[in-house]
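S.K.: Below, each chain spelled out in residue letters.
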Amino acid sequence: MVRIDGKGVHYRELNELIKTKADEGETEFYLDNINGQRYIGTGLSNPGIKIYVNGVPGNDLATFLNGPEIVVYDNAQDAICNTMNSGQVTVHGHAGDVLGYGMRGGRLFIKGNVGYRVGIHMKEYKKQVPVIVAGGTAGDFLGEYMAGGILIVLGLDRKPGAPLTGDYLGTGMHGGVIYLRGDVDPANLGREVAVFDVTDEDWKVLGQHLQDFCASFDFDYNEVSSEKFYKLLPVSHRPYGRLYAY
Amino acid sequence: MRGTKPRIPSGCAIVGIFNRKAKRFSGSDVLRSIRTMHDRSNGLGGGFAGYGIYPEYRDHYAFHLLYEDKASQLETESFLEENFNIDRSEPIPTRPHPNITDPPILWRYFLRLKPHHQERLQIENGTCEPAIRSGQGDERDFVVQQVMYINRYIGGAFVASSGKNMGVFKGVGFPEDIGEFFRIDEYEGYMWTAHGRFPTNTPGWWGGAHPFTILDWSVVHNGEISSYGINKRYLEMFGYHCTLQTDTEVIAYLFDLLHRRHGLPLEVTCMALAAPFWKDVDRNKDGKAELARGLRQVYGSALLNGPFSVLVGYNGGMIGLTDRIKLRPLVCAEKEDYMYLASEESAIREICPAPDRVWAIKAGEPVMVQLDEGVQP
Numbered sequence: 015m016v017r018i019d020g021k022g023v024h025y026r027e028l029n030e031l032i033k034t035k036a037d038e039g040e041t042e043f044y045l046d047n048i049n050g051q052r053y054i055g056t057g058l059s060n061p062g063i064k065i066y067v068n069g070v071p072g073n074d075l076a077t078f079l080n081g082p083e084i085v086v087y088d089n090a091q092d093a094i095c096n097t098m099n100s101g102q103v104t105v106h107g108h109a110g111d112v113l114g115y116g117m118r119g120g121r122l123f124i125k126g127n128v129g130y131r132v133g134i135h136m137k138e139y140k141k142q143v144p145v146i147v148a149g150g151t152a153g154d155f156l157g158e159y160m161a162g163g164i165l166i167v168l169g170l171d172r173k174p175g176a177p178l179t180g181d182y183l184g185t186g187m188h189g190g191v192i193y194l195r196g197d198v199d200p201a202n203l204g205r206e207v208a209v210f211d212v213t214d215e216d217w218k219v220l221g222q223h224l225q226d227f228c229a230s231f232d233f234d235y236n237e238v239s240s241e242k243f244y245k246l247l248p249v250s251h252r253p254y255g256r257l258y259a260y
Numbered sequence: 004m005r006g007t008k009p010r011i012p013s014g015c016a017i018v019g020i021f022n023r024k025a026k027r028f029s030g031s032d033v034l035r036s037i038r039t040m041h042d043r044s045n046g047l048g049g050g051f052a053g054y055g056i057y058p059e060y061r062d063h064y065a066f067h068l069l070y071e072d073k074a075s076q077l078e079t080e081s082f083l084e085e086n087f088n089i090d091r092s093e094p095i096p097t098r099p100h101p102n103i104t105d106p107p108i109l110w111r112y113f114l115r116l117k118p119h120h121q122e123r124l125q126i127e128n129g130t131c132e133p134a135i136r137s138g139q140g141d142e143r144d145f146v147v148q149q150v151m152y153i154n155r156y157i158g159g160a161f162v163a164s165s166g167k168n169m170g171v172f173k174g175v176g177f178p179e180d181i182g183e184f185f186r187i188d189e190y191e192g193y194m195w196t197a198h199g200r201f202p203t204n205t206p207g208w209w210g211g212a213h214p215f216t217i218l219d220w221s222v223v224h225n226g227e228i229s230s231y232g233i234n235k236r237y238l239e240m241f242g243y244h245c246t247l248q249t250d251t252e253v254i255a256y257l258f259d260l261l262h263r264r265h266g267l268p269l270e271v272t273c274m275a276l277a278a279p280f281w282k283d284v285d286r287n288k289d290g291k292a293e294l295a296r297g298l299r300q301v302y303g304s305a306l307l308n309g310p311f312s313v314l315v316g317y318n319g320g321m322i323g324l325t326d327r328i329k330l331r332p333l334v335c336a337e338k339e340d341y342m343y344l345a346s347e348e349s350a351i352r353e354i355c356p357a358p359d360r361v362w363a364i365k366a367g368e369p370v371m372v373q374l375d376e377g378v379q380p
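If you read the protein sequences in the order shown, they are chains A and B. Counting from 1, position 103 in the first sequence corresponds to residue 117 in this note's numbering; the numbering is continuous, with no gaps. Counting from 1, position 336 in the second sequence corresponds to residue 339 in this note's numbering; the numbering is continuous, with no gaps.
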């Protein structure tokens, strides 16, 4: 177990220290007084690594993460889980924009709200299926150009009438699935997606992720899953197939 | 002063702190905050705006000047003397700093209009109805004209700020170094904004560092204004001339034109600059379609295109605004009488570890904070 006081430590130094210790065989990291240091956990692929972050980590947390687990006990900023390959990131607060950009595996759990452009360009291949679950609401461009994976937005604790997601929802989406706990204003839907009912088959997958999510934050699974969910799927696998065709 | 370093592309950092009760606090807070976002800048520009920092000269126009050489200073001073009573003239205090090299001559003046100008303006005010169109007849219009004259016609002289009871400290360097260089920890204000620059399309030079100002308006900006050419030509029709080689300059002048001169409320000014998309206007969800259409007809050339998050300061208030699809970040927080806005939450948490509330602002919707009613800075 390694405990690092991040107060005033530059991200390069911090991340080098983590990498060095991980290569030496350390698996448990407690980072205290973190504030704004970027790229924490970037590219780490040593097996069995767990990183616990106290404070607000900087942008690009868990970029290219490949296996480890990261828990943040505060809010997180922009661009986390960029091109993540596998592992688990759990944020006990809200997070910013462009989460899970081009993510290709692993899971990201956010307890609170998420910002703009979450899950854009996510993709999947066979068993590699990335998952993002947001406990709060999401901003515009959720799942834009999504090619695979699972996005789940729960809208827990939102004010009555507050929208679950923003505008341009699933614009350009051509793979994967978005599950929403509540309905969506059709005017906010991208042209490439349509709304469907959630089937029993869906619940086998959705239910498992929700159970894990609820366990992470002490939410009541029965309460969370009792609301009506909707499913967004792309209506075309190649929405822009004709765009550059002459 | 006009640096020749090569172009390096990427982003910027902005932060603002505001106290609603006009409680003045040291510039060291904003300095610590912007330091957190060091990696968003590249050392080619940093700057600060402080409001309420000159209470002993609260009714004077505080002119902060950048001079390339002694000749530009002499020429500017004789020009100022023609038009103003210079009640105080002094170098802006700095301390030697290892990372700040080749600074221009930095000077400040506390100015009042000469009595004959005031009388003339009063007469024009009473008789000339089209003050709005001509930009004549108001004391502040007169000051704007003097700033434009210096920036345009006096070679090597540039006005960094010209408002009352506020001042801008900016230059080439990382913002934390610029702040130390200008000793901003020795000033106290009720509002501070700061900027760390990563210039993308324009040179890194002292006049091109943020904030950009006119009168008491100051703007710090992360992003780029791709409508700069249209905005610039539009502003020229109203006597504003862009001379500082940076797109952000137009935002300061647009606020002055639309709000002060044309009398648009600040919310409406923001709606003209970050206008809603036509599809949203057609839906008319908020019942403002008619206003939105009217603004686009009249102020189409004031629309800001391109990615931006900006903080606009003015005497008594601060506005945070992003472009319509939020291509640049901006986070807000509140703690008691303090309001914070920054590119990254960590910059806020550095100086306010446990805010009462933290939230992300919505695209194109201004966040505005003003002094509480009855509070005087």
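No lab work stands behind these hints, which were simulated from the structure alone. Treat the hints with caution; some may be incorrect.
Pairs of lysine-lysine, DSS-like flavour, derived with a Cα cap of 30 Å [unchecked claim]:
(1) LYS245(A) to LYS117(B)
(2) LYS173(A) to LYS167(B)
(3) LYS235(B) to LYS173(A)
(4) LYS137(A) to LYS242(A)
(5) LYS73(B) to LYS24(B)
(6) LYS338(B) to LYS173(A)
(7) LYS291(B) to LYS21(A)
(8) LYS288(B) to LYS137(A)
(9) LYS288(B) to LYS167(B)
(10) LYS73(B) to LYS117(B)
(11) LYS242(A) to LYS365(B)
Derived list of chain B stretches under chain A, where covered just means 3 residues or more per stretch with a C-beta under 8 Å from a C-beta of chain A [claimed, not checked]:
(12) 34-46
(13) 70-76
Being a predicted model, the structure only gives us computed values, none of them experimental. Even for Gly, the Cβ is constructed at its ideal location relative to N, Cα and C.
S.K.: Please verify whether LYS235(B) and LYS173(A) have alpha carbons no more than 30 Å apart.
M.R.: Status violated; Cα separation ~42 Å.
S.K.: Holds or violated: are the alpha carbons of LYS137(A) and LYS242(A) at most 30 Å from each other?
M.R.: Answer holds: LYS137(A) to LYS242(A) is near 26 Å, not above 30 Å.
S.K.: Holds or violated: are the alpha carbons of LYS291(B) and LYS21(A) at most 30 Å from each other?
M.R.: Between LYS291(B) and LYS21(A) the Cα gap is close to 48 Å, so the pair fails against 30 Å, i.e. violated.
S.K.: Does the alpha-carbon distance linking LYS245(A) and LYS117(B) stay inside the 30 Å limit?
M.R.: Violated, at about 71 Å.
S.K.: If you draw a straight line from the CA of LYS73(B) to the CA of LYS24(B), is it 30 Å or shorter?
M.R.: violated (42 Å)
S.K.: Holds or violated: are the alpha carbons of LYS288(B) and LYS167(B) at most 30 Å from each other?
M.R.: Violated, at about 40 Å.
S.K.: Has the given pair, LYS73(B) with LYS117(B), been kept, meaning a C-alpha gap of at most 30 Å?
M.R.: holds (25 Å)
S.K.: Has the given pair, LYS338(B) with LYS173(A), been kept, meaning a C-alpha gap of at most 30 Å?
M.R.: holds (22 Å)
S.K.: With the threshold set at 30 Å, check whether the alpha-carbon distance from LYS242(A) to LYS365(B) stays at or below it.
M.R.: Judged against 30 Å, a Cα distance of about 27 Å means the pair holds.
S.K.: For the pair supplied as a hint, LYS288(B) and LYS137(A), confirm whether the alpha-carbon distance does not exceed 30 Å.
M.R.: With Cα atoms ~34 Å apart, LYS288(B) and LYS137(A) exceed 30 Å; violated.
S.K.: Given as covered by chain A, does the region 70-76 of chain B meet the bar of three residues or more with CB within less than 8 Å?
M.R.: violated (count 0)
S.K.: Holds or violated: LYS173(A) and LYS167(B), Cα atoms, limit 30 Å.
M.R.: violated (42 Å)
Consistency with the previously given hints fails for numbers 1, 2, 3, 5, 7, 8, 9, 13, ordered from lowest to highest.
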